[in-house]
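Colleague: One letter stands for each residue in the lines below.
Number of protein chains: 2
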Amino acid sequence: MKQLEKITPLEQDFAKWYTDVVKQGQLIDYGPIKGTLVFKPNSYGIWELIQQELNKIFKENEIQNVYLPLFVPDRLLAKEKEHIAGFNPELATITKVGDKELDEKIYIRPTSEVLFAEVFKNNIESYKDLPIIYNQWANVVRWEKTTNPFLRSREFLWQEGHTCHSDTLEARHFTKKMISIYAKFLKNYLAIPTILGKKTPHEKFAGACSTYTIEAMMKDGRALQAGTSHYLAQNFSKKFEIEFKNIKNEKENVYQTSWGVSTRLLGAIIMTHGDNRGIIIPPRVAPVQIDIIEILANKDSRVHEKATELKKILGRKYRVRLDDTDKSAGYKSSNSEIQGTPLRIEIGPKDIDNNSVTIVRRDNLEKITVAITDVKNIIDKLLDKIHDNLYEQAKKRLDENTIFVDTYDKFKEGISNSKFVIAPFCCLGEAEEKIKAETGATTRCIPKEFDKPLKKNKCIFSSCSNETNLYVVFAKAY
Amino acid sequence: MKQLEKITPLEQDFAKWYTDVVKQGQLIDYGPIKGTLVFKPNSYGIWELIQQELNKIFKENEIQNVYLPLFVPDRLLAKEKEHIAGFNPELATITKVGDKELDEKIYIRPTSEVLFAEVFKNNIESYKDLPIIYNQWANVVRWEKTTNPFLRSREFLWQEGHTCHSDTLEARHFTKKMISIYAKFLKNYLAIPTILGKKTPHEKFAGACSTYTIEAMMKDGRALQAGTSHYLAQNFSKKFEIEFKNIKNEKENVYQTSWGVSTRLLGAIIMTHGDNRGIIIPPRVAPVQIDIIEILANKDSRVHEKATELKKILGRKYRVRLDDTDKSAGYKSSNSEIQGTPLRIEIGPKDIDNNSVTIVRRDNLEKITVAITDVKNIIDKLLDKIHDNLYEQAKKRLDENTIFVDTYDKFKEGISNSKFVIAPFCCLGEAEEKIKAETGATTRCIPKEFDKPLKKNKCIFSSCSNETNLYVVFAKAY
Numbered sequence: 001m002k003q004l005e006k007i008t009p010l011e012q013d014f015a016k017w018y019t020d021v022v023k024q025g026q027l028i029d030y031g032p033i034k035g036t037l038v039f040k041p042n043s044y045g046i047w048e049l050i051q052q053e054l055n056k057i058f059k060e061n062e063i064q065n066v067y068l069p070l071f072v073p074d075r076l077l078a079k080e081k082e083h084i085a086g087f088n089p090e091l092a093t094i095t096k097v098g099d100k101e102l103d104e105k106i107y108i109r110p111t112s113e114v115l116f117a118e119v120f121k122n123n124i125e126s127y128k129d130l131p132i133i134y135n136q137w138a139n140v141v142r143w144e145k146t147t148n149p150f151l152r153s154r155e156f157l158w159q160e161g162h163t164c165h166s167d168t169l170e171a172r173h174f175t176k177k178m179i180s181i182y183a184k185f186l187k188n189y190l191a192i193p194t195i196l197g198k199k200t201p202h203e204k205f206a207g208a209c210s211t212y213t214i215e216a217m218m219k220d221g222r223a224l225q226a227g228t229s230h231y232l233a234q235n236f237s238k239k240f241e242i243e244f245k246n247i248k249n250e251k252e253n254v255y256q257t258s259w260g261v262s263t264r265l266l267g268a269i270i271m272t273h274g275d276n277r278g279i280i281i282p283p284r285v286a287p288v289q290i291d292i293i294e295i296l297a298n299k300d301s302r303v304h305e306k307a308t309e310l311k312k313i314l315g316r317k318y319r320v321r322l323d324d325t326d327k328s329a330g331y332k333s334s335n336s337e338i339q340g341t342p343l344r345i346e347i348g349p350k351d352i353d354n355n356s357v358t359i360v361r362r363d364n365l366e367k368i369t370v371a372i373t374d375v376k377n378i379i380d381k382l383l384d385k386i387h388d389n390l391y392e393q394a395k396k397r398l399d400e401n402t403i404f405v406d407t408y409d410k411f412k413e414g415i416s417n418s419k420f421v422i423a424p425f426c427c428l429g430e431a432e433e434k435i436k437a438e439t440g441a442t443t444r445c446i447p448k449e450f451d452k453p454l455k456k457n458k459c460i461f462s463s464c465s466n467e468t469n470l471y472v473v474f475a476k477a478y
Numbered sequence: 001m002k003q004l005e006k007i008t009p010l011e012q013d014f015a016k017w018y019t020d021v022v023k024q025g026q027l028i029d030y031g032p033i034k035g036t037l038v039f040k041p042n043s044y045g046i047w048e049l050i051q052q053e054l055n056k057i058f059k060e061n062e063i064q065n066v067y068l069p070l071f072v073p074d075r076l077l078a079k080e081k082e083h084i085a086g087f088n089p090e091l092a093t094i095t096k097v098g099d100k101e102l103d104e105k106i107y108i109r110p111t112s113e114v115l116f117a118e119v120f121k122n123n124i125e126s127y128k129d130l131p132i133i134y135n136q137w138a139n140v141v142r143w144e145k146t147t148n149p150f151l152r153s154r155e156f157l158w159q160e161g162h163t164c165h166s167d168t169l170e171a172r173h174f175t176k177k178m179i180s181i182y183a184k185f186l187k188n189y190l191a192i193p194t195i196l197g198k199k200t201p202h203e204k205f206a207g208a209c210s211t212y213t214i215e216a217m218m219k220d221g222r223a224l225q226a227g228t229s230h231y232l233a234q235n236f237s238k239k240f241e242i243e244f245k246n247i248k249n250e251k252e253n254v255y256q257t258s259w260g261v262s263t264r265l266l267g268a269i270i271m272t273h274g275d276n277r278g279i280i281i282p283p284r285v286a287p288v289q290i291d292i293i294e295i296l297a298n299k300d301s302r303v304h305e306k307a308t309e310l311k312k313i314l315g316r317k318y319r320v321r322l323d324d325t326d327k328s329a330g331y332k333s334s335n336s337e338i339q340g341t342p343l344r345i346e347i348g349p350k351d352i353d354n355n356s357v358t359i360v361r362r363d364n365l366e367k368i369t370v371a372i373t374d375v376k377n378i379i380d381k382l383l384d385k386i387h388d389n390l391y392e393q394a395k396k397r398l399d400e401n402t403i404f405v406d407t408y409d410k411f412k413e414g415i416s417n418s419k420f421v422i423a424p425f426c427c428l429g430e431a432e433e434k435i436k437a438e439t440g441a442t443t444r445c446i447p448k449e450f451d452k453p454l455k456k457n458k459c460i461f462s463s464c465s466n467e468t469n470l471y472v473v474f475a476k477a478y
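Protein chains in written order, with this note's numbering: chain A, 1 to 478; chain B, 1 to 478.
Here chain A stands alone, though its shape is the one from the complex:
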């Protein structure tokens, strides 16, 4: 039985707060290789619920799950130069099996575009076979130098969707549809608001024609790219000869998309909702939605009896935990808080005398006393309230900390105050590198639309004198 340790206050040292929360919340252990993680039940459970809910949405959208190999041979990856260049320094490479050297280098997949390309090439003949809409849940490996639990791990878990279409419009439409699905999912299941937009060419995915993103704001003001959807056009299909016979019976290359979300989302949950007591898990993806805590169970046998009965009743509909070990009630309550369980129900002898229980909300620590017969009717409402409260707080923070600027001085001030800064900016490309070097900020996205049309304004980049109505979101990012 491990002691619960103190969590560094987030105002004092955000990075330390984060790693404390991750460890103390029973979310991970560090793996034996730097940058790898052990997902413990409290974090893997969130990921499983994300999978489950996304799978339902995928099914409604006729997305089929498949599983492709972990291994990419050199000859395949080398076919698309821009793509391989984007991943090359991070590729974990198998050169030996047992004592034998392999003839060809084999990489662990950093993403699976080229593997899917082979499958599509082998399975598509006619426009009647299209669209193909595949998704896989998989582990991928990118050997990053700097690592951070969930945010930048050398191995991470994700889903990657890959599609082929018979025309560009359908494919472009699908790319946008997926990023909207992600935005809605983050709002409705993770209680995380995001800004949806297009990446600048400088920041797009290696090999894509265009990349859409949803950007979330963490509690320290930094941006986290929470999901992406890429329109690949015919880039891979030309290099990998993925052809179909169109309705005129002519050969044509397919139009493709790919899109994904990863276990980064767990980092996003922590840094969007967490507080100085630990993680707060949004109820719809909480592996444990309700912790039942027995008070003075060793003094009064009715307590355990009632707690067990309540667990049985609530367990039919909710994910409920009743820890019946002889750890103290105080320890169990602290543990429930630090692990981010949305609700805890405390039952002691007094409660039983009064035919009531005490319910404590994790998000605002509000305590309510409820007649025991009413408990099962109130839970739905409470869980929804917690979800809504978490979302509203995060939305308010995002709105309050997103500012418009019209000069480079105000831009720098905004970035140094950890804001999302929206600025008129037309110098896509090299200027982005210069601004990053000067301020640490990168272009996060070109938002699709604003509530009101924005007027033309001078580009904030100092050496540019153009007026532009292209507005770009900048921020420091994870």
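Read the hints as simulated data drawn from the structure, not as lab findings.
Only a predicted model underlies this, so the values are computations on that prediction, with no experimental measurement involved.
Check the hints yourself; a few may be wrong.
Pairs of lysine-lysine, DSBU-like flavour, derived with a Cα cap of 35 Å [claimed, not checked]:
hint : chain 1 : residue 1 : chain 2 : residue 2
1    : A       : Lys-34    : A       : Lys-79
2    : B       : Lys-381   : A       : Lys-23
3    : B       : Lys-238   : A       : Lys-23
Pair ranges (Cβ atoms, derived) [claimed, not checked]:
hint : chain 1 : residue 1 : chain 2 : residue 2 : range
4    : B       : Asn-417   : A       : Gln-52    : 18 to 28 Å
5    : A       : His-202   : B       : Lys-299   : 55 to 65 Å
6    : B       : Lys-128   : A       : Lys-317   : 53 to 63 Å
7    : B       : Asn-417   : A       : Ile-313   : 53 to 63 Å
8    : A       : Asp-384   : B       : Arg-316   : 45 to 55 Å
Where a beta carbon is used, it is the ideal one built from N, C-alpha and C, also for glycine.
We have chain A already, so just place chain B on it with the hints.
Modeller: Relative to the frame of chain A, chain B by itself:
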């Protein structure tokens, strides 16, 4: 749109039949590296349903899902000599990242005992923390020389459970409980009967104290090890120093188990139930339970209307596919058979005139005409009948082809006739190697118990003159 090709009859060439079924049933593509697979929706869907149903059973048994890293450093794997020796020639080894050589060899996990050992060591302090019952769904890699889709792939998917207990009895009991759970699961969900027993020391898992197995009989008479459960005793816990304070406050090493089933089960399904038309998927794990086939839909618009309505109604409860492309009805029916969909419903203009549909069972090709209003009430019963029929056929085959022998001559005859041969046999160890060299058969298991107690008999091994009441199942195996 690929042409459907002929499947080699299983009586003619079983191995060829198997690979034909695997390819034609839209189950896999071969991956770009020998021995790796692309799991297409029709096979990955089975695996997802196996996961889903096993997860429910795991939850009832308080098994918690986790996810551990893909990578095992040399220093960890080397700690347990017997264990590493068992896997060494098959270890895929990462030596480079980008252009950089790594300081230490890193293996791709062939199984995760040593990774779990580290986690347990770091998380257990007291008997109050026990038992810990973890499971992970993961990909593992064993670089086999000879490969065969699903049966022996270089990368495969599995679940591996790992537990720690405070006493040996509890751990031994848990080992047996898990193998029983697997046997029941195969019977109730995959319609596969098995023989449950203990592996001989010669055939047990590298590093285990004892291994339990369930052995299934394929249509060619060969055995397939379909699931295993290992009692690891304190073997890993001593080498990895996994200790707990027992109730007397003394330090003690934990007692461990591990257990797993893999995507081999997909091979078992094919070779247990498949026929010359292709795979037959047991209804409870069929990604598509019902194919709706429109007949003459281009001549009569009522057909598509009715088919769509039926899909909507049945789709609420079953996994239903309605392929509304303009492929021919004949193609769609053949495709449904070759892909093993348990039921297909045919609707044509005549059916609509008669207010009926034709339902075809995949297992026995029986056609029934049913009033359209009765369809939704009959499906449950039909799917259960298919399941039961598949199980009974397989059970009959297993029973009829399992023989008892009391001499080595009869033993050899039985093996050469592709039987499971049960024989009195006490010469565990070297004699197993000799028998394998002579007959191709290996010891599959020592079955737990027979319907009636077996009397002592002379050991069948030629150079042994002992009498024994140890009976062992032998067979050629996958």
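Colleague: Determine for every hint whether it applies to the structure shown.
Modeller: Right, here's what the structure says about each hint:
{"no.": "1", "hint": "A:Lys-34 - A:Lys-79", "result": "31 Å, holds"}
{"no.": "2", "hint": "B:Lys-381 - A:Lys-23", "result": "51 Å, violated"}
{"no.": "3", "hint": "B:Lys-238 - A:Lys-23", "result": "26 Å, holds"}
{"no.": "4", "hint": "B:Asn-417 - A:Gln-52: 18 to 28 Å", "result": "48 Å, violated"}
{"no.": "5", "hint": "A:His-202 - B:Lys-299: 55 to 65 Å", "result": "56 Å, holds"}
{"no.": "6", "hint": "B:Lys-128 - A:Lys-317: 53 to 63 Å", "result": "30 Å, violated"}
{"no.": "7", "hint": "B:Asn-417 - A:Ile-313: 53 to 63 Å", "result": "58 Å, holds"}
{"no.": "8", "hint": "A:Asp-384 - B:Arg-316: 45 to 55 Å", "result": "26 Å, violated"}
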